[in-house]
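Both chains come to you apart, so use the hints to assemble them.
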Amino acid sequence: MNAIVVLSVVLLGLMLLIGGRKGLRSFFSLFLNFGVIFITLALLLNPDLNPVILTFIASALIGCISLFFINEVNSKTVIAFISTMITITLLLAFIFFVSNTLMIQGFGEEETEAISGYSLYIGIDFLKIGVSVIILSTIGAIMDVAISIASSMFEMNKHNPSVSKKELFASGMSIGRDILGTDTNTLFFAFFGGYLALLIWFKDLTYSIGEIVNSKIFSSELMLILCAGTGIALVIPITSWINANYLKKPGKMKSDS
Amino acid sequence: MKSMYKRLIIYVFIFLCVGVSVFFVNNNYQFYDRPIAQVTEVVLEKTTPMSDRNGNKDLLYNQQLTAVMKNGTEKGQVIQLTNEYSASGAYDQEYYVGNDLFVIPDKTMDPSGNLTGIITDVKRDKQALIIGWIFIFALLIVGKRQGLFAIISFAINVIILSVALDIYVKYPSLNLLVICGICMLLFTVISLGFVSGFTGKTYAAIIATLVGTTASIAIALLVLRLTSDNGLRYEEMQFITRPYRLVFIGGLFIGSLGAIMDIAITLSSSMFALYEKDHTLSMKALRDSGMDIGRDIMGTITNILFLAYICGSLPMLVLSFKNGTPLGFTFSMNLSLEVTRALVGGIGIVLTIPIGVYTSIFFINRKKARI
Numbered sequence: 001m002n003a004i005v006v007l008s009v010v011l012l013g014l015m016l017l018i019g020g021r022k023g024l025r026s027f028f029s030l031f032l033n034f035g036v037i038f039i040t041l042a043l044l045l046n047p048d049l050n051p052v053i054l055t056f057i058a059s060a061l062i063g064c065i066s067l068f069f070i071n072e073v074n075s076k077t078v079i080a081f082i083s084t085m086i087t088i089t090l091l092l093a094f095i096f097f098v099s100n101t102l103m104i105q106g107f108g109e110e111e112t113e114a115i116s117g118y119s120l121y122i123g124i125d126f127l128k129i130g131v132s133v134i135i136l137s138t139i140g141a142i143m144d145v146a147i148s149i150a151s152s153m154f155e156m157n158k159h160n161p162s163v164s165k166k167e168l169f170a171s172g173m174s175i176g177r178d179i180l181g182t183d184t185n186t187l188f189f190a191f192f193g194g195y196l197a198l199l200i201w202f203k204d205l206t207y208s209i210g211e212i213v214n215s216k217i218f219s220s221e222l223m224l225i226l227c228a229g230t231g232i233a234l235v236i237p238i239t240s241w242i243n244a245n246y247l248k249k250p251g252k253m254k255s256d257s
Numbered sequence: 001m002k003s004m005y006k007r008l009i010i011y012v013f014i015f016l017c018v019g020v021s022v023f024f025v026n027n028n029y030q031f032y033d034r035p036i037a038q039v040t041e042v043v044l045e046k047t048t049p050m051s052d053r054n055g056n057k058d059l060l061y062n063q064q065l066t067a068v069m070k071n072g073t074e075k076g077q078v079i080q081l082t083n084e085y086s087a088s089g090a091y092d093q094e095y096y097v098g099n100d101l102f103v104i105p106d107k108t109m110d111p112s113g114n115l116t117g118i119i120t121d122v123k124r125d126k127q128a129l130i131i132g133w134i135f136i137f138a139l140l141i142v143g144k145r146q147g148l149f150a151i152i153s154f155a156i157n158v159i160i161l162s163v164a165l166d167i168y169v170k171y172p173s174l175n176l177l178v179i180c181g182i183c184m185l186l187f188t189v190i191s192l193g194f195v196s197g198f199t200g201k202t203y204a205a206i207i208a209t210l211v212g213t214t215a216s217i218a219i220a221l222l223v224l225r226l227t228s229d230n231g232l233r234y235e236e237m238q239f240i241t242r243p244y245r246l247v248f249i250g251g252l253f254i255g256s257l258g259a260i261m262d263i264a265i266t267l268s269s270s271m272f273a274l275y276e277k278d279h280t281l282s283m284k285a286l287r288d289s290g291m292d293i294g295r296d297i298m299g300t301i302t303n304i305l306f307l308a309y310i311c312g313s314l315p316m317l318v319l320s321f322k323n324g325t326p327l328g329f330t331f332s333m334n335l336s337l338e339v340t341r342a343l344v345g346g347i348g349i350v351l352t353i354p355i356g357v358y359t360s361i362f363f364i365n366r367k368k369a370r371i
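Taken in sequence, the protein lines are chains A and B.
Residue numbers for the first sequence follow this note's numbering, so the first one is 1 and each next one is one higher.
Residue numbers for the second sequence follow this note's numbering, so the first one is 1 and each next one is one higher.
Derived by calculation from the structure, the hints in this document are not laboratory data.
This one's a predicted model, so the numbers in the text were calculated from it and none came from an experiment.
We put the beta carbon where it would ideally sit given N, CA and C, even for glycine.
Hints are not guaranteed to be accurate.
What the hints assert, rightly or not - Heads up, incomplete: computed chain B residues facing chain A, CB under 10 Å, no partners named:
#, residue
1, Val178
2, Ile263
3, Thr325
4, Ile371
Said to hold, decoys possible - The calculated EDC-like cross-link candidates involving lysine to aspartate or glutamate, where the alpha carbons are at most 16 Å apart (straight line), are:
#, chain 1, residue 1, chain 2, residue 2
5, B, Lys46, B, Glu84
6, A, Lys22, B, Glu84
7, B, Lys144, A, Asp204
8, B, Lys170, A, Asp204
9, B, Lys367, B, Asp278
10, A, Lys22, B, Asp296
Only chain B is shown next, with the shape it has when bound in the complex (with noise of 0.2 Å):
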């Protein structure tokens, strides 16, 4: 009865939170500095068919949109505006009614008596929130208890990486490196604590996490430094305020760490399980067993991490070969970044499974002295 009542609550609290939140970003206009505009009526104009220099053909549209202001002075006048946009839709998008809008509003009125003004960027905060709901409730009826631990885990971390970059901007003279490096602990210990609890299996992931994405990390930096960053094409790198060598080794520190404590957290709980079911298992038995779990998950692990890293690139090279850039020139200038660091977390992969091995066998032994 007592269990029911609980679940009861947890429902209606959840479903709560769900319409507050919802109710909340579909009448948020006023908290916006920025205009907003909601579209009520869309007009094709005219379609032209079109060919580039490199002869891609495209077709070209012309939308007129009728709108209503949402928020500031001019709250409920109309707007009209223009909107060109591809097929393709490289950088630009065919609107709908229904669809918030920012807007730049002009001074002058048109002949009407209406608004006109220029589109800047769609309002996609409504359609980000269900989104994000349906991953939560993905993760919670699937994951349950681990669900909810997986959801909760990386709330934090993300609030983690967030002040620890606030601090990094306010006070430039801290290093970028000493900051990851401390995040880097902190995400460890509350990932796997997170996922299995602060027992010694948790304690021995830790550590090999640590001390491996420390020596794929120093590995990266030795081999960086001897062959003076010849190959890796920085210039790649977009939204760059700060050293950008800096920044791009500070996202190895934190890019690989995922796919470390992957590795590192499934060898010591099946070296602990092994050790749980035969308390009388040599060290060199524990110890060949755990490589050999290491060798059959090393492959996947590694591949989805390059995999994870290369295509997110994918548009960028479509665009660059279609404007009929060199082959070489293309891939060195979009994948140079992204394949080192996939190498780098490669590197850290492998290294882990004997450091998570002697970790375990560690703290399996100082289990057994302490019976």
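The shape of chain A in the complex, shown without the other chains (with noise of 0.2 Å):
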């Protein structure tokens, strides 16, 4: 029996007996993101497609996938949605100018052993698949605190009307702030332990401090981290304005219940 095979069956089966339906939805959404990311990696093999946009337009559809799907259209998930796709444009524009400047594309000096055998000259431009990897591994962080700022200023709202618009944001950002703490968190963890290897190679072979910092796996592996916390601090005062100005919008307090 394969592992993974099992291991999917027993998240499906506790997904199920803990969440029911919405269970289900979760594991489905899964599935949906890996499709969207496997399309991906298809339209990236193709040297004429710029990987950036692909990485934009797949953010959409992740976006789409886990706002949309896993809740369902309304505002605030189209609120959180613009939010998100805003964010990403900022974000991007800065990986892009952080991987030039650092020079982190590609594979390093210690991956040398996983990548001979192999033709390097590829034609596909290794610094923006880069980008795409850093965008894409933290969209997922990016949209929960998007969805959670969107949902709580919606209830505060709805339950107290007649709060001012500088209101509003400023609890936006306070329950942004609760939550960048344990979304920083959730990513950093993940890093480590994926990269628990490295860290150990790191320690065996003796690596000096200088070392470490200036070599490429460990330069590229920091930026992923530093970059995924700037992108979940930058993500909360946009939705909070965008919430706002969307919920205090003149002429809009009838319409919308």
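If you want it as structure tokens, here you go:
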């Protein structure tokens, strides 16, 4: 029996047991996201298509799945979606700048064994692939923050319609701050866990701090973590601002309830 | 007045930290053993179109670099370097004026009396520092206190992990899983303590996290044993200096911890908030709303973990496919461990929902009994 199949069945069983229909939906959304990643991967192989634009489209699709499929299409999810896409756009520019100045695209010295035997001249810009990796790795967390802020702000506005735009913005920021720590933690530990082998390798081969900091592989991991954190921080004011403006749009009070 | 004064001191302190650290990394050449050269002139010599054995088209460039040695006995001397790079840049890199490079100078000089040598790597510390500061400022400006706490707990966790790995490397007789278990305990207490203070809800979340992680690892180990690791391609693990299976399972411990903490603290703080609002709430109602909250966030957090794990393999997948490797082989070689990590994390997340709900109820009951 294949371990991965058994683990998937265990996960599906638990999700059904605890989440019922919603659990089934969550499990299915994992598959849909997988599908999006694989289609993106297939398109990335075409050197004529720009990986950054592909990533942007893939992000939009993942956003639709996570926001509109798990939840549903309503003004909350639409606002969360818009905020996520704006954040992604800003983050794309930032990551591009970062990867370019740090020269962290492609593979590092420590990975030569894994890439030996492959032709490296494949005509696909690895700088852009690197940008895609960072964006797609963090989009889940960014979306999570956006939807949490949007729903809480809607709740607050519903229970307390006289609240001012400024107060609403402040409440969005404060909810964001509460989840900032836990969401960055989720990603930090995921990356730590994935790179435990690398960290032990550095220790075993007694790399000096200088060697670790300047190595391509470590820099790129570090950048992944730092860009993820920056992205999560960035989405908080963006969502709060858009949402506050939407909820307090002049003349909107009656139409939306 | 006093708070303004205090704030001013904090600003001056941060400004000083930034200034000193930037100054340091820009002038730390003498602290490196490896010779460093700074590029002063770049000439693009030639461009050659090429295509590899799989028919992929690429461009090869040849750069002639003039650089000045920044440290060691050759400090101040001019060095001539050549660099070949491709447009795709999978393992090579175009260099620009101002880049600092680690070089190995040759023993002999070229006819014009300049040093020659080869480039081994790039010095990245300057840029890494700037980006580190951008990250810190983004978290501080948006997150204020919580941002500061996130940074501090992150720093402490990094130190704990580093010390733990030092101990592991020094005393090979210790079991990595025991070390990871102790780390897990410390990470959980510190991260959750920093995020929400040492109160009843944090204790509930800590216990839920520890039980949830242990349970998910136990399930993972059981499944791996029953299937005798079938389908897992440990060959794909890179950077291996130790028994690979142990390192992989150690990574499982740590990898899902963040997501499990996330769900545990979300559950316990919302259940405590519900209880604070209405002390008469029955335990059944409390349990039901806890389960509801859990169901709502289950999908998103599992997706965060899946995307974070799977997307890291994209560069390797692209390279592998472009080299004509068969589909099934590429996926199983490059994704089996990542998918396993994500699945185990997902199992941990789902299991933590009932565990978190019941520990919260336990702590709320205790609180109730005390009044």
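Hint-by-hint comparison with the structure:
1. Val178: Violated. Min distance 15 Å.
2. Ile263: holds, 9 Å
3. Thr325: holds, 8 Å
4. Ile371: violated, 26 Å
5. B:Lys46 with B:Glu84: Holds, at about 10 Å.
6. A:Lys22 with B:Glu84: violated, 54 Å
7. B:Lys144 with A:Asp204: This hinted pair is violated, its Cα atoms lying about 38 Å apart.
8. B:Lys170 with A:Asp204: holds, 9 Å
9. B:Lys367 with B:Asp278: Cα-Cα ~14 Å, so holds.
10. A:Lys22 with B:Asp296: Satisfied, since the Cα-Cα distance of roughly 8 Å is no more than 16 Å.
In terms of the numbered hints stated before, the structure departs from hints 1, 4, 6, 7, listed from lowest to highest.
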